[in-house]
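Assemble the complex: chain A is given as a structure, and chain B must be docked to it using the hints.
Those protein sequences? They're chains A and B, same order as listed. First residue of the first sequence? That's 1 in my numbering, and the numbers climb one at a time after it. First residue of the second sequence? That's 1 in my numbering, and the numbers climb one at a time after it.
It is worth saying that the hints were derived from the structure and are not from the lab. Computed from a prediction, not measured in an experiment: that's the story for all the values here. A hint or two may mislead.
[Unchecked claim] In silico BS3-like links for lysine-lysine, alpha-carbon gap of 27 Å or less: (1) A:K34 x B:K169; (2) A:K70 x A:K34; (3) A:K70 x A:K37; (4) B:K169 x A:K37.
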Amino acid sequence: MKSIAAIFLIAVSSTVPAWAVLGQSQESVQSDAKTLKGTLTTTEMSGYSVQQINRDDGMVLKEFVSPEGKVFGISWKGPTMPNLSQLLGLYFAAFQDANRSTHRRGPLSIHTGPLVVETGGHLRAFHVRAYVTVLLPSGVTEAVVQ
Amino acid sequence: MSAIRVRRASLLLTAGVCLLVSTACGSGSSGTSTSSTSTSSTTGSGTTPTTVNNTQAVQVGVGPTGTDVNQLLTTITICVPGTTNCQAISNILVDTGSTGLRLLSSAVTLTLPRASDSSGHALGNCVAFANNNYAWGPVATADIQIAGEVASSVPIQLLGVSGFPAVPKACDTGGSAASSVDVLGAYGILGIGVFRQDCGSACVTAGSTLPSVYFGCPSSGCVAEAVALTQQLQNPVWMFPQDNNGVLIALPALYGSGEQSVSGSLIFGIGTQIDNALSGVTIYTTDTSGNFTVTFNGANYTDSFIDSGSNGYFFLNATTLGIPLCTAQTTFYCPSATYSAGALTSGTNSASNAIALTVANAEQLFATGNNAFNDLGGPAAGGFDLGLPFFYGRYVYVAIEDQSTTSGIGPYWAY
Chain A
1 MKSIAAIFLI
11 AVSSTVPAWA
21 VLGQSQESVQ
31 SDAKTLKGTL
41 TTTEMSGYSV
51 QQINRDDGMV
61 LKEFVSPEGK
71 VFGISWKGPT
81 MPNLSQLLGL
91 YFAAFQDANR
101 STHRRGPLSI
111 HTGPLVVETG
121 GHLRAFHVRA
131 YVTVLLPSGV
141 TEAVVQ
Chain B
1 MSAIRVRRAS
11 LLLTAGVCLL
21 VSTACGSGSS
31 GTSTSSTSTS
41 STTGSGTTPT
51 TVNNTQAVQV
61 GVGPTGTDVN
71 QLLTTITICV
81 PGTTNCQAIS
91 NILVDTGSTG
101 LRLLSSAVTL
111 TLPRASDSSG
121 HALGNCVAFA
131 NNNYAWGPVA
141 TADIQIAGEV
151 ASSVPIQLLG
161 VSGFPAVPKA
171 CDTGGSAASS
181 VDVLGAYGIL
191 GIGVFRQDCG
201 SACVTAGSTL
211 PSVYFGCPSS
221 GCVAEAVALT
231 QQLQNPVWMF
241 PQDNNGVLIA
251 LPALYGSGEQ
261 SVSGSLIFGI
271 GTQIDNALSG
281 VTIYTTDTSG
291 NFTVTFNGAN
301 YTDSFIDSGS
311 NGYFFLNATT
321 LGIPLCTAQT
331 TFYCPSATYS
341 AGALTSGTNS
351 ASNAIALTVA
361 NAEQLFATGN
371 NAFNDLGGPA
381 AGGFDLGLPF
391 FYGRYVYVAI
401 EDQSTTSGIG
411 PYWAY
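Chain A extracted, bound-state conformation (with noise of 0.2 Å):
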């Protein structure tokens, strides 16, 4: 199941630049920085670690790392939203299966299984964070996605 997962993502990469995803490990993070034309800093806290990348227009993108190398939750702070399926990965399905409410002019909020998303902002200045509960390090809370 994993290798067919693996050999999904890299056909769907000819054709759309991938990114390290959520719940995906870190190992493309790399590629990740090229693709999106920043410079990758990686910070090392107690029981993860902070993958991030700058790119000049102020877009940062911070993927957060289990010591297990698996990408537990992602930020993205810029100008233009990013496309969430992407940022998402195999959770973005769920993510839009959730994302049904009414009454709704404003910000997401999508809790739905072990997935939260989050967005906010507006045009020219955006934020998204996303986790994954079950995926979260012991010791280490979703406060820190941000």
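Here is chain B on its own, set in the frame of chain A:
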């Protein structure tokens, strides 16, 4: 929640400035007054602008979808440039969180001239909103009439145009296309925030960080490209011959569990006429992204903003606040008792004042069948989004970047 319901004071709409919102109409000048010359014309060469009707009626009520609440709507008139071939379009969202006029093509009966890029290809525009839906469609040109104000030959965007190329990959956010009333919630969006253009200088220079906002569309497909400022979607207000430095939005206070409908005023110009004098308010300048700071529980949220196009107070999250989300609609908070807290708003000019945030149980609010609420809230990533609830009972001034006012140059908010 209080059971007391006070009739909305509709006087506010007709009575001009100083009747009901006492804080906006005190004596004396504002604390941050920087005197500068008031220029009310950017186009006329030496002509004195005439005084025109600068007050447009706005409403919050049952919108075209019947389900969206706290939507500030108005009616605008568009014309084929330079002609009297015009049409009025109702149910246009008044949005201080975006820039430019975007219209559902299904609501437009006129044939408007389309814009092309420097290579002669059709010019497309794409922006995504915080709800992850995206607006994609051609740039067209129209004269825009609102109240007695006219902006001539304004680049606008048409949405859901049949025959226009499909949305480019670089524009697709994975959300829905805002090309129908169901998705957009209105027939159009009138973006009148603090910026002159929707993208600005970032879209003028080609390079590795060019945002995917403007697209040239040869037959081989649409490709992101750089465009001049004048080709971009414009805030129509700064293109008016007068009253062009910003807007004032005046909505009455609400009490209890909201109202079926609310009427207010969208007034053009700041300090340009007797009805938009800037006095008794504090000026909060914004940063280059159109944000200021909200301080809450000792923490500074520097990416905070005021947005008439958001229908609630959106801030923090359930874990941080300790109040639950609604079970059916997790985009809103559902506290068991109404939540109230204070916060401090601060401009980049260091001016600051306290505000109060009140959040009631959203499901109970919706169950009332009302459409206007001053206590609807939900979570958000980033800073505080002070949406339409913030506007009730206030005069909120929005000054446009690089435009002069009697109290300094935009961008700023004042209230």
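Evaluated hints:
no.: 1; hint: A:K34 x B:K169; in the structure: holds, 19 Å
no.: 2; hint: A:K70 x A:K34; in the structure: holds, 20 Å
no.: 3; hint: A:K70 x A:K37; in the structure: holds, 23 Å
no.: 4; hint: B:K169 x A:K37; in the structure: holds, 18 Å
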